[in-house]
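> Listed here are the chains, written in short residue letters.
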Amino acid sequence: MNGTRAVVLGAGIIGAACARELALAGAAVTVVDRGGPAAATTSHGEGNVLVSDKGPGPELALAQLSRELWPTVLTQVAERSAEGHRAAQAAEWDPKGGIVVATTSAGAHALARFADSQRSAGVRAEPLAPEALREAEPYVTREHTAAVHYGEDAQVQPAGAATALLTDALAAGAALRGGEEVCSGVVRGGRLTGVRTTHGLLEADLFVNAAGPWSGALAARLGAPVGVEPRRGDVLVTTPQPPTVFHKVYDADYVGSVGSGEEESQTSAVVESTRAGSLLIGSSRRRVGFDDRLRPEVLSAVAAKALRLFPSLARVPVMRAYGGFRPYVADHLPVIGADPRLPGLWHASGHEGAGIGLSVGTGRLLLHLVRGEPPPVDAAAFRVDRPAVLRPRQYQQQETT
Amino acid sequence: MTVPAARRVAVVGAGPAGLSAAHAALAAGARVTLIDAAEEPGGQYHRTVPETYGPQRPVRLQHGWRAFERRRRRVLAHPRCTWLPRTSVWALEQPQPEHEGPPRLHLLCAGPADGAGRTRHTLDVDALVLAVGAHDRVLPFPGWQLPGVCTAGAAQALAKGERVAVGERVVVAGSGPFLLPVAASLLDVGSRVLEVLEANTAATTARGWGRRPWELAAQAGKAVELAGHAAVLARHRVPYRTGRAVVEARGDGRVEEVVTARLRADWSVLDGTRRTLAVDTVCVSHGFSPQLELPLAAGCALDERPAPRCGPAGDGGADDARKSGRSGSLGAFVRVDEQQRTSVPWVFAAGEITGIAGAPSARAEGAVAGWSAATGGSTPRDPGRRRALRALRRSRDQGRAFAERLARAHPIGAAWPGWLRPQTVVCRCEETDYGSLCAAFATEAGSASRVAKLNTRAGLGPCQGRICGPTVAELRRRFLGDAPERPAEGLPRADPHRRPIAQPVRLGELAAPSAPLTDPGRRPEEESSS
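Protein chains in written order, with this note's numbering: chain A, 39 to 439; chain B, 8 to 537.
Only chain A is shown next, with the shape it has when bound in the complex (with noise of 0.2 angstroms):
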């Protein structure tokens, strides 16, 4: 690829990792963000790497991709120099595991079912007894009625991860510019030759829209719109505690919900520690825009889902709580890809809740793209010629009747 000139539009975690991958196989790449790197979307996650919530299928590929690349893609970085060194620290890696608990015993044949059909799809999906999952897990409610171990299931800390691989694509000759904001594009010849920006002009031989939520908006300004829009979710910390959560764990109806595509607030409960001893306790869903406004009774309604979880954390204090907008398309599915309609511009977005864990996944599969090479996982259902991204209103009108 060298040569090349690569333009990341977004400087979160998946724009990180896009450029990383581009600059490492010799593109001159420039990343462009209108506020700081990582300080939007990425920030405001739990970090989650997880194979345990998808269904076999295209997105349940890129991230068993993801989940094999993530070790190694750290090890690199820390490698590469003292500053990558830090930042892979930073990233707190932590292959702790994921247990599904159900409460229920629609729950638990439904969890039973899906587990099967994950594990056809070559996912580590084992089945706890009652005292195996005790023993993993001591102070999980006694009123489970089901629960699956995933051993693949890892967690990082979403900015430190971040940092590292936008470190190691600046270490491998990437330029970042931040505070810089996209106006409008430059199409000559029917293609995307450059973006006008706050600072003046950008030309390049390929754009990548990574600006997460607001790549929807984006898109708009280089005359080819996307369908994706934000999703908030909002996260609750407790003050540091002695070891209580030892895998990351959430009920069985958490899938459900990342699957749905509902406008009302959707609440499950999704609970594990961070190295500080702090534990994250998720999650919400709310279609709302880009509203930041603190919902107590959101964060009632998680916090009460937790406790029947942990029925023991009931006295432990919340110390805090942010919410992040995630970038979420109708079908569920990310937009990895070239745009029919403009040539020169590539989509990398549309991940919702999963864009920390699928975002290595992601650029090694852009790299492909753009390279014209066979791509690692079959890539055609993140297509960006597909009715929930090219016309989403209508495809939800579809999706409702």
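Calculated from the structure, these hints are not laboratory results.
Glycine is no exception: its CB is placed at the ideal position from the N, C-alpha and C atoms.
Where hints are given, some of them may not hold.
[To be verified] Below, a sample of chain B positions facing chain A; criterion: calculated Cβ distance under 8 angstroms:
#1 His113
#2 Thr386
#3 Arg388
#4 Pro429
#5 Gln430
#6 Thr431
#7 Gly453
#8 Ala455
#9 Pro511
#10 Leu514
Take the given structure of chain A and dock chain B to it, following the hints.
Leaving out everything else, chain B in the frame of chain A:
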């Protein structure tokens, strides 16, 4: 004909500003809910010794005690007042954009600040007065994390509230007139105060206080109060030294000695002036940090006030500072207008969150805010009331002039980071050191405030950056310049004071449903039993 219902006003904070706001709002006919985390009104200033301790001489303990006591009784006994002690406002919920009115208050009622058995309530009012005050600002120095180093405010709270001495051999150090009453309180409970150290040079302080001295006449009460404390110090032969600071604390497991040093006007250390002194306690205060989480949660705009330049500056200190761009900022305060209105409709602010000016000014601001909240800021028809309001505003304006002078006389010198070493702890909760912070700011890919915070953990611990937040923000500014960080659409600007959960709330409390306090005038326990 129907009588219009009295306006419902919530006052958060029952210190001098809040109590005064409640008093004025009641006088103007409002129904008032007065909320404070403490058992008794008074705030940090009129901190009261619990009745069980039976203080013999409260009048000697406190300035303006009688007036405070009178106001306290009047407010609490008023039939239109609901007093909610031991109540935290843990969140403010902004209304829908089209909805008029202040945010909804989310309360945790009746229980010690972090205790069990609290109940969650909501409160909707017509107007909200925020009078939540300030806490000590403490700059880091090597060893400040050792047991035995405490904030001057904590030492005074123990002395005034529980008659407990924090130590036997104590140095009081930092900057500002607050050092004097703290030292006096410590002497009062039997500590031996070895020295009181004001970091600013006598020249800086004199220049700050000395400009247009006639403006100070209105603050005569404050001067008398300070003179009283100074006399106590003199009687106990406690030396008060200017241009000297504690630049290091040392000890094995707790403070055993401090290193003090002479400072230049910019707080850089003069070589050859270090002295060690055996102590068991150091009380530090470098001024005050306004408690801005609730104003920010309500959406109030802040004003960033540039710090006056230290050192041999001309008349226009603040302008010089802006030009040089190096001496940082005095910090942010809530922006208010003549009526104490904030930028958010029906939210008013009074006291230290609008500027550090002391109790007399806070009382005047509180009264103006209480009146405005209860009446919408209309001019009273009664000429006596009109005169009284004018006098209050005058007193408030004098207080603001005093605040500005105070800031000029006791600025934070720009060179204080020179005291730090790479391994000096900056965030005590998470033990983040200065070296890691510098490395984070120097990492191009990780220098955004929020990202540096997550990667170093500075400010993520139990105090949620209340102590280190402004310090980390200032260190970052020094490293990366003043350019403001642009937030993405929908996300708030990075601010060291932003804490959407303003007070810790237990998971069980949060999970339980909340009941609205529908009628201010009744206490939650009555409500639940009825």
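> Work down the list of hints and note, for each, if the structure agrees.
We went through each hint and held it up to the structure:
With its C-beta approaching chain A no nearer than about 5 angstroms, histidine 113/B sits inside the 8 angstroms limit, and its interface hint holds. Annotation: interface hint on threonine 386/B violated; nearest CB of chain A at approximately 34 angstroms, more than 8 angstroms. Look at arginine 388/B: its Cβ only gets to about 39 angstroms from chain A, farther than 8 angstroms, so that hint breaks. Evaluation of the proline 429/B hint against chain A yields a violated restraint, the C-beta minimum of about 14 angstroms exceeding 8 angstroms.
Evaluation of the glutamine 430/B hint against chain A yields a violated restraint, the C-beta minimum of about 16 angstroms exceeding 8 angstroms. The beta carbon of threonine 431/B is not positioned within 8 angstroms of any beta carbon in chain A (closest approach about 19 angstroms), and the interface hint is therefore violated. Annotation: glycine 453/B was flagged as interfacial toward chain A, and the flag holds, the nearest CB pair being 4 angstroms apart, inside 8 angstroms. Hint on alanine 455/B holds. Least Cβ distance to chain A is approximately 3 angstroms, under the 8 angstroms limit.
The interface hint given for proline 511/B holds, since its Cβ lies 4 angstroms from the closest Cβ of chain A, which is under the 8 angstroms cut-off. For leucine 514/B, the shortest C-beta to C-beta distance to chain A is roughly 5 angstroms, which falls under 8 angstroms, so the interface hint holds.
Hint compliance for this structure: hints 2, 3, 4, 5 and 6 are not met, and every other hint is.
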